[in-house]
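Number of protein chains: 2
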Amino acid sequence: MAARKRRAANTSAKRRKGGPRVKRTRSGTRTGRRFDASAGPLGGITVVDLTRILSGPYCTMMLCDLGARVIKVERPGSGDDARAIGPFTAAGSAYFASVNRGKESVALDLKRAADRRAFERLVDSADVLVENFRPGTMERLGYGWKRARARWPRLVYVSVSGFGDSGPLRERPAYDMVVQAMGGIMSITGEAGGKPTRVGTSIGDIAAGMFAASATLAALHQRHLTGKGARVDVAMLDSQVALLENAIARYATSGQIPGPIGARHPSITPFGAFETRRGQLVIASGHDALFRKLCDVLGTPALASDARFATNESRCQNEPALRAALEAALASADCDAWLARLEAAEIPCAPVQNVAEVLAHPQVRARNMALSIDAPEYAGLLVAGNPMKISTMRERKSVKAPPKLGEHRERSSRERR
Amino acid sequence: MAARKRRAANTSAKRRKGGPRVKRTRSGTRTGRRFDASAGPLGGITVVDLTRILSGPYCTMMLCDLGARVIKVERPGSGDDARAIGPFTAAGSAYFASVNRGKESVALDLKRAADRRAFERLVDSADVLVENFRPGTMERLGYGWKRARARWPRLVYVSVSGFGDSGPLRERPAYDMVVQAMGGIMSITGEAGGKPTRVGTSIGDIAAGMFAASATLAALHQRHLTGKGARVDVAMLDSQVALLENAIARYATSGQIPGPIGARHPSITPFGAFETRRGQLVIASGHDALFRKLCDVLGTPALASDARFATNESRCQNEPALRAALEAALASADCDAWLARLEAAEIPCAPVQNVAEVLAHPQVRARNMALSIDAPEYAGLLVAGNPMKISTMRERKSVKAPPKLGEHRERSSRERR
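For the record, the sequence lines run as chains A and B.
For the first sequence, the residue numbers in my numbering are 58 to 474.
For the second sequence, the residue numbers in my numbering are 58 to 474.
Please note that the accuracy of each hint is not assured.
Copies of the same chain are indistinguishable here, so a pair counts whether it falls within one copy or spans any two.
[To be verified] The calculated SDA-like cross-link candidates involving lysine to any residue, where the alpha carbons are at most 20 angstroms apart (straight line), are: (1) K252 / G319; (2) K350 / R398; (3) K203 / R451; (4) K461 / P133; (5) K457 / E434; (6) K252 / T333; (7) K252 / I318; (8) K350 / D363; (9) K203 / L167; (10) K252 / R334; (11) K203 / S448; (12) K350 / D138; (13) K252 / D393; (14) K285 / E452; (15) K350 / L379; (16) K252 / D391; (17) K252 / G316; (18) K252 / C392; (19) K285 / W202; (20) K350 / P230; (21) K285 / S95; (22) K285 / R451; (23) K285 / A94; (24) K350 / D393.
Calculated from the structure, these hints are not laboratory results.
Given the sequences, and given the hints that come with them, work out the whole structure.
Okay, here's the thing in structure tokens:
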């Protein structure tokens with residue numbers, strides 16, 4: 058595991074105390090000698106990260122959480138646009154921190170010759186490059202996939218964009234909100250009969266980042282076998298379509314266009330949020346046996362033998378009548394009392410928790426999913442932990458700080474003069 | 058690439074015409090000789106798939122789309138519960154088809170000795186095992202991780218569950234709706250000031266399947282270096298927390314609990330859906346320069362110099378006033394006219410599309426994201442394509458049919474007698 062170290066790309070740069078050096082990493086096809094198991098399954102993998110805001114940074118956060126070394130290459134001066142997006146702590150953007158914790162940062166202007174040489178030396182030592190510019194930008198910078206492949210045949214070259222690197226909308230810019238709207242998820246989210254509603258989190262960005270991470274890892278797997286890199290091309294719009302799931306099947310089989318239906322499942326009943334005497338709860342009674350058990354617990358066994366509710370299909374057709382009957386029964390007690398009875402009967406149920414309740418929940422805490430940042434200037438901030446638990450990876454109880462702009466390499470000598 | 062073939066696990070079984078045999082696959086640490094590049098980056102990888110309904114099947118669908126051979130092991134008689142969930146086509150459940158297209162199926166009762174032997178022979182030849190039973194079930198079947206590791210040290214053993222394999226709720230059953238409610242995403246989705254709303258797709262299942270796919274691929278990468286498998290433990294609740302993104306940062310920095318805010322971004326303004334004279338459109342004007350351009354296109358340059366709207370932060374604080382001003386301008390023309398003008402100015406914008414519009418969209422078609430199934434009995438059905446485009450992988454224009462229950466292996470001889 059003796060990692061050969063090299064001087065940082067810009068050999069004249071002074072390094073800050075404790076700042077890591079840029080070391081050459083060549084994840085082996087035939088050998089694991091550079092593999093650093095203590096970091097996680099991606100120990101020894103280096104990612105050069107040109108991404109900004111959210112979709113690309115979410116992808117590289119996942120790679121970082123899996124043990125890769127991620128080096129953000131940011132524009133000198135302002136860096137990743139997310140640094141300017143709130144909410145803010147005294148140390149900087151909490152928004153930026155939440156998806157960039159644990160990464161490194163170098164500031165490079167890819168239009169300057171000295172910085173380009175530094176960038177190229179970084180990529181010489183890297184396994185993966187991730188970018189989320191608009192298609193065409195990397196070509197204009199001279200780092201399009203064709204050139205990159207010629208110079209770095211082992212590189213996994215990952216592009217995340219709004220619409221992908223083909224098709225009529227290829228060069229169109231996009232943001233989360235754009236692909237949530239165009240991709241259909243808004244049209245099926247919202248109150249029954251109400252307006253299309255945005256998913257409350259940036260699922261347009263995040264889903265693309267997640268698919269890009271899987272594609273990157275598949276390409277790394279393949280590289281072990283072929284010795285060659287690959288180009289990954291993930292589009293935010295494609296990723297939204299991939300999330301639509303049974304809405305596509307419902308439309309294709311019935312011709313009916315699905316709309317928002319509030320807080321229930323479209324084709325499993327009863328499966329949704331219900332009012333009690335005080336407070337809402339969720340009941341997810343996915344099949345007939347559970348439905349019969351539910352009727353017992355609610356003290357309404359007659360519902361279980363009612364022909365209108367005999368099968369999931371008939372329950373879906375008669376959802377309003379079933380909901381009324383269930384809520385009539387639920388009106389006799391409060392949410393917490395019902396949750397206790399339903400849990401005792403092993404009927405899947407849940408409180409509808411707000412963000413504060415989620416972060417304080419014993420299960421969330423036990424799974425290390427609400428983590429603090431290892432740096433006094435971020436005291437009080439919480440970020441989501443890593444949901445990818447792997448037995449070969451040490452579970453983290455906190456995360457490393459996000460990088461200050463350019464923290465891991467002094468600016469190029471030219472810029473310093 | 059000469060794949061050594063073996064007889065199916067149950068050697069007495071007759072094979073259907075054209076049905077694939079179970080072949081031994083040993084993806085090499087040091088060699089790629091069994092790697093089948095034509096299938097995709099996971100060509101040569103075999104996945105034994107014990108999963109049901111959605112979270113696990115979504116994970117194995119992703120692995121299948123990347124080229125792995127996925128063999129579903131289903132309960133004889135009824136199989137995966139999703140086979141009984143609508144909507145239905147003449148050939149069976151479209152819901153089942155949408156996430157199981159391209160997989161194989163064998164029917165095995167893991168409580169019968171002969172079927173257990175057949176199952177074990179399948180795993181002997183596999184690289185990955187995926188299950189989404191409740192924690193404890195695999196142990197009761199005698200196939201818990203500890204035993205599996207002893208017998209199959211190279212196996213990547215993947216568990217997807219509601220709450221994960223640790224913590225106080227470890228053994229609690231869960232469904233999509235349960236983790237959407239407990240994980241906080243419902244509390245930030247919905248109309249402004251309205252009720253918590255379910256995300257219109259089963260993001261509770263799908264997110265867990267996606268994280269499980271990435272974790273599986275990371276473990277496969279690691280296996281090339283160590284020769285050893287690993288246990289992956291992904292929880293649906295953890296996965297929901299990982300999606301909360303800036304809602305956590307907002308709560309942690311302000312102490313204010315985020316609620317539903319309709320169809321706009323919580324910390325970027327203007328970034329949301331707006332009413333025009335006829336129809337809604339989305340404008341995603343993420344930074345100051347775009348905001349100024351937007352004001353020009355709307356013919357309201359005074360807004361750009363209004364102190365209330367000078368920065369993103371001030372625009373967020375004054376969102377209602379800004380929305381009113383923008384909608385007053387937008388009221389002079391219809392949605393389509395505004396989209397044309399905004400697009401010409403390269404301001405990110407979009408129509409709010411329904412599912413029918415999504416599936417017919419030229420970009421979605423050009424990217425092969427709405428695919429038909431290669432089987433006459435599924436004529437007319439569409440399913441989502443693969444959003445993970447990789448240059449080394451042939452792009453599919455249609456998908457293979459989902460398997461009939463037990464199609465790829467005759468029932469065990471004992472059952473046939």
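Taking the hints in turn, this is what the structure says about them:
1. In this assembly of identical chains, K252 and G319 lie within 20 angstroms of each other by CA distance both inside one copy and across copies; the values are 10 angstroms within and 9 angstroms between.
2. In the homo-oligomer, the alpha carbons of K350 and R398 lie at most 20 angstroms apart inside one protomer (11 angstroms), although the nearest pairing across protomers, at 57 angstroms, exceeds that limit.
3. For a Cα distance limit of 20 angstroms, the shortest separation of K203 from R451 across copies, 18 angstroms, qualifies, whereas the shortest one inside one copy, 38 angstroms, does not.
4. For the identical chains of this complex, K461 and P133 are intra-copy neighbours only, at 12 angstroms inside a copy versus 57 angstroms across copies, given an alpha-carbon limit of 20 angstroms.
5. When the C-alpha separation of K457 and E434 is checked against a cutoff of 20 angstroms, the pair qualifies only within one copy, where the shortest distance is 12 angstroms, while the shortest distance between copies is 54 angstroms.
6. Taking CA atoms no more than 20 angstroms apart as the test, K252 paired with T333 passes between copies only; the shortest distance there is 14 angstroms, against 26 angstroms inside one copy.
7. In the homo-oligomer, the alpha carbons of K252 and I318 lie at most 20 angstroms apart both inside one protomer (10 angstroms) and across protomers (12 angstroms), since each shortest distance falls under that limit.
8. Taking identical chains as interchangeable, the C-alpha atoms of K350 and D363 lie at most 20 angstroms apart only when both belong to the same chain, with a minimum of 14 angstroms there against 61 angstroms between chains.
9. Proximity of K203 to L167 under the C-alpha cut-off of 20 angstroms is restricted to the intra-copy arrangement: shortest distance 18 angstroms within a copy versus 50 angstroms between copies.
10. For the identical chains of this complex, K252 and R334 are inter-copy neighbours only, at 16 angstroms across copies versus 28 angstroms inside a copy, given an alpha-carbon limit of 20 angstroms.
11. Taking CA atoms no more than 20 angstroms apart as the test, K203 paired with S448 passes between copies only; the shortest distance there is 11 angstroms, against 38 angstroms inside one copy.
12. When the C-alpha separation of K350 and D138 is checked against a cutoff of 20 angstroms, the pair qualifies only between copies, where the shortest distance is 18 angstroms, while the shortest distance within a copy is 52 angstroms.
13. Taking identical chains as interchangeable, the C-alpha atoms of K252 and D393 lie at most 20 angstroms apart only when they sit on different chains, with a minimum of 19 angstroms there against 31 angstroms within one chain.
14. In this homomeric assembly, K285 and E452 come within 20 angstroms of each other (Cα to Cα) only across copies, at 19 angstroms, whereas the closest approach inside a single copy is 32 angstroms.
15. Proximity of K350 and L379 under a CA criterion of 20 angstroms is satisfied intra-copy only: 15 angstroms inside one chain copy versus 52 angstroms between copies.
16. With identical chains, the CA atoms of K252 and D391 are at most 20 angstroms apart between copies only, with a shortest distance of 18 angstroms across copies and 30 angstroms within one.
17. For the homomeric pair K252 and G316, the shortest alpha-carbon distances inside one copy (9 angstroms) and between copies (17 angstroms) are both at most 20 angstroms.
18. In this assembly of identical chains, the alpha carbons of K252 and C392 lie at most 20 angstroms apart only when taken from different copies (16 angstroms versus 28 angstroms within one copy).
19. Taking the shortest Cα distances, K285 and W202 sit within 20 angstroms of each other inside one copy (13 angstroms), while across copies they are farther apart (33 angstroms).
20. When the C-alpha separation of K350 and P230 is checked against a cutoff of 20 angstroms, the pair qualifies only between copies, where the shortest distance is 14 angstroms, while the shortest distance within a copy is 51 angstroms.
21. Taking CA atoms no more than 20 angstroms apart as the test, K285 paired with S95 passes between copies only; the shortest distance there is 15 angstroms, against 26 angstroms inside one copy.
22. Taking the shortest alpha-carbon separations for K285 and R451, only the inter-copy value of 16 angstroms comes in at or below 20 angstroms, while the best intra-copy value is 30 angstroms.
23. Taking CA atoms no more than 20 angstroms apart as the test, K285 paired with A94 passes between copies only; the shortest distance there is 12 angstroms, against 23 angstroms inside one copy.
24. For the identical chains of this complex, K350 and D393 are intra-copy neighbours only, at 19 angstroms inside a copy versus 52 angstroms across copies, given an alpha-carbon limit of 20 angstroms.
Hint check: no violations occur; every hint is consistent with the structure.
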